[in-house]
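All chains, full assembly: derive it from the sequences and hints.
Same order as they appear, the protein sequences are chains A and B.
Take 0 as the starting number for the first sequence in numbering that gives the first Met the number 0 and just add one per residue.
Take 0 as the starting number for the second sequence in numbering that gives the first Met the number 0 and just add one per residue.
Rather than coming from a laboratory, the hints here were simulated on the basis of the structure.
Please read these numbers as outputs of a predicted model, since none were measured by experiment.
Don't take each hint at face value.
Lysine to aspartate or glutamate pairs mimicking EDC-like chemistry, simulated, CA-CA at most 16 angstroms apart [to be verified]:
id, chain 1, residue 1, chain 2, residue 2
1, B, 157, B, 175
2, A, 217, A, 151
3, A, 115, A, 151
4, A, 213, B, 175
5, A, 241, B, 58
6, A, 241, B, 53
7, A, 217, B, 180
8, A, 217, A, 376
9, A, 217, B, 53
10, B, 110, B, 124
11, A, 241, A, 294
12, A, 241, A, 312
Beta-carbon label-pair distances, calculated as ranges [unchecked claim]:
id, chain 1, residue 1, chain 2, residue 2, range
13, A, 180, B, 167, 22 to 32 angstroms
14, B, 110, A, 386, 17 to 27 angstroms
15, A, 228, B, 50, 42 to 52 angstroms
16, A, 357, B, 29, 32 to 42 angstroms
17, A, 337, B, 100, 25 to 35 angstroms
18, A, 294, B, 93, 24 to 34 angstroms
Derived contacts from chain B toward chain A, CB cut-off under 8 angstroms, selection only [to be verified]:
id, residue
19, 55
20, 63
21, 83
22, 84
23, 179
24, 190
All C-beta atoms in this analysis are idealised placements derived from N, C-alpha and C, irrespective of residue type, glycine included.
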Amino acid sequence: MVTAAEPSVRKGHSFRVVAGALLASVALYASGCAAVPMLAGTEPRVQSVPYRIAVFPVENLSGRAAPLGDIRGLLVDRLAAHGLATVDDQTLEQVLSRHRVRYTAGVERELAKALKEETGAGAVLVPSLEHYDDVTPPRVAVFARLVSTGDDPRVLHVAGAGVAGDEAPGLLGMGLVDDPRALLTRVVDSLATSLAAREPGAESHPTGARAPAKFAPKIAYRSAALDARRTYSVAVVPFFNKSARKYAGEIVSLHMIRSLMASGRLAVVEPGVVRAELLRSRVIMTDGISLSDTDTILNAVDADLVLNGEVLEYREPRGSGSPRVDFSVLVIERTTRRVVYSASSHNAGDDRVFFFDWGRVATGHALTAQMSRAVTERMLSAPATPAARRWAPR
Amino acid sequence: MRITTRSALLVCLLAPLLAACGPVVTRDSYRDKNMDFAAIQTVGVMPFQNLSRDTLAAERVRDVFINRLLSTGAVYVVPVGEVARAVARAEIQSPITPAPDDVIRLAGLLKAHAIITGAVQEYGEARSGVTSANVISVSVQMLEGQTGRIVWTASSTKGGVNFLDRLFGGGGRPMEGVTRDAVNDLIAKLFE
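Structural data, given as structure tokens:
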């Protein structure tokens, strides 16, 4: 019996080993099929919003030619699919040409008022194309900022999504996407979902889990003058771009605006209003923001904090490779006229990635989103920097 | 005990050689003993001089230095935009190497107790045979706001090709990490 049973036991054992190995390998491959972290759900959800949205032309921050008209058309279609009504193109063009508006990457006060009165739009959607690369694997990243119209334009919601074709290769590479249009559709669909899912009255998208520790700023200073319990309004001034990537300053500014909004404790002044005030006051910044510039901006937009910074590196790989981002942030408070927060942050997409691309961040968008979120978390939740050093006695 | 001619000759020959093994008389930092550093609460950091091949090296190092200095909590660093404005108002021709008079004027405009200047001598990849690694060499000096004289200087070199790099390769550490090490070293020397 024992002898007869032995081969069957051995056979059963080897079957279990083979099955276990197969399961393990499937699990390993399946890890590549994990959900794309920077995409919201793509289920269409019809929601009736009591106002119409004026969708502005897409701001091209990709630094190269891209199908901007198609992206805008796709966005309008997906908004309609989610039950969001939009202002028709002809009416919008008439208002823009009547008021001689050439800059459509932001909304200033006069334009917001005119849009409210002349089109009846309750909000403006400002789409920005962060990245568009059709080289295999393709990469696409888009931002969409919802701004209220009327006398006081405010940022209501910021949505952003970025994906790469090789982000989730899955089993035998079945998850690889070679078609940039397919990625674009996914990205736009997720933006529309995010905009539709916005709770009425809520002015930020819900706070998610905390950013992983590896994205925390490498150096940070937080003054005790920054009250963690208070609600501040923040004017974000475009970052200085010292990287080789065109428009990196504007891109990091958008990421910071999104993370500040996501905190739920900070109100962000519409960048279009800030830009208009900078132009009106003829503020020229050569090497960072000065205290007089800070006074001018904050008094004009009636905000408590001004956030500025510089981008030293913003590298999005073409084809395979990992993105690299390096930027610093400086926050000055209105009443004390002092720096209340500063942070230096840099990361690469393959930081702390050791096995099978586990934890790899494939796009510059996803990397910057995590970094800016970590910068904001540190600003709002970390205790004030203690005096870690003291001068040596004489 | 008799001293032979041979042993006397040997001592004479060895003496200069042993002298070379004596302690180093120069250090990579200087600190004015008469200066009361505890009185320094606000500093302005001027643009660093860039002597390396990387055009952005000085700005990167200055940015890290300012953030690290602020994060010590011991001194307040005036925003760089305010420094640039003061340089323009004081009509300083060479902000990276200001004269004592310029330092006094700048300190007055910035309401700073001291002005810090610096130079990045090396920033980037260093090669040794077939091995390469990132290296940084930076020097910083602090000038007193009231007199314009130098009260502290220090330099630091970090990174480069070491024994393990030669043995196993690997290309050394990333530039950001090496920069942070050098700046940490400078800050440690400032407060030592």
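A quick look at each hint next to the structure:
1. Taking the CA atoms of residue 157(B) and residue 175(B), the gap is near 11 angstroms; set against the 16 angstroms cutoff, the hint holds.
2. Taking the CA atoms of residue 217(A) and residue 151(A), the gap is about 37 angstroms. The hint is violated against a cut of 16 angstroms.
3. Simply put, residue 115(A) and residue 151(A) have alpha-carbon atoms about 11 angstroms apart, close enough for the 16 angstroms limit, and the pair holds.
4. Restraint check: the Cα-Cα separation between residue 213(A) and residue 175(B) comes to about 14 angstroms, which is no more than 16 angstroms; the hinted pair holds.
5. Between residue 241(A) and residue 58(B) the alpha-carbon distance is near 9 angstroms, which keeps this suggested pair within the 16 angstroms criterion.
6. Restraint check for residue 241(A) and residue 53(B): satisfied, since their Cα atoms lie roughly 12 angstroms apart, inside the 16 angstroms limit.
7. Only pairs whose Cα atoms come within 16 angstroms are accepted, and residue 217(A) paired with residue 180(B) is accepted, the gap being roughly 12 angstroms.
8. Between the alpha carbons of residue 217(A) and residue 376(A) the distance comes to roughly 13 angstroms, so the proposed pair stays at or under 16 angstroms and holds.
9. Using a Cα cut-off of 16 angstroms, the hinted pair residue 217(A) and residue 53(B) is violated, with the two alpha carbons roughly 22 angstroms apart.
10. Distance restraint check for residue 110(B) and residue 124(B): the Cα-Cα separation of roughly 39 angstroms exceeds the 16 angstroms cut-off, and the hinted pair is therefore not satisfied.
11. Under the criterion of a C-alpha separation no larger than 16 angstroms, the hint pairing residue 241(A) with residue 294(A) is inconsistent with the structure, at around 25 angstroms.
12. For the hint linking residue 241(A) to residue 312(A), the alpha-carbon distance of about 7 angstroms falls within 16 angstroms, and the restraint holds.
13. Judged by the Cβ atoms, the range 22 to 32 angstroms given for residue 180(A) and residue 167(B) is violated: they are separated by roughly 45 angstroms.
14. Distance hint check for residue 110(B) and residue 386(A): the Cβ-Cβ separation is about 21 angstroms, which falls inside the suggested range of 17 to 27 angstroms.
15. Residue 228(A) and residue 50(B) have their C-beta atoms about 47 angstroms apart, which keeps the hinted 42 to 52 angstroms range intact.
16. Take residue 357(A) and residue 29(B): their Cβ atoms lie about 49 angstroms apart, and the range 32 to 42 angstroms is violated.
17. Checking the proposed 25 to 35 angstroms range against residue 337(A) and residue 100(B) shows it holds: the Cβ atoms sit about 28 angstroms from each other.
18. Residue 294(A) and residue 93(B) have their C-beta atoms about 29 angstroms apart, which keeps the hinted 24 to 34 angstroms range intact.
19. Hint status for residue 55(B): holds, given a least beta-carbon distance of 6 angstroms to chain A, under 8 angstroms.
20. Here the hint on residue 63(B) is kept, as its CB sits about 6 angstroms from the closest CB of chain A, short of 8 angstroms.
21. Nearest Cβ of chain A to the Cβ of residue 83(B): about 4 angstroms, under the 8 angstroms cut. The hint holds.
22. For the restraint placing residue 84(B) at the interface with chain A, the shortest Cβ-Cβ distance is roughly 4 angstroms, inside the 8 angstroms limit, so the hint holds.
23. At its closest, the beta carbon of residue 179(B) sits 7 angstroms from a beta carbon of chain A; the interface hint therefore holds under the 8 angstroms criterion.
24. The criterion of a C-beta within 8 angstroms of any C-beta in chain A is met by residue 190(B), whose closest approach is roughly 4 angstroms, and the hint holds.
When each numbered hint is compared with the structure, violations occur for hints 2, 9, 10, 11, 13, 16.
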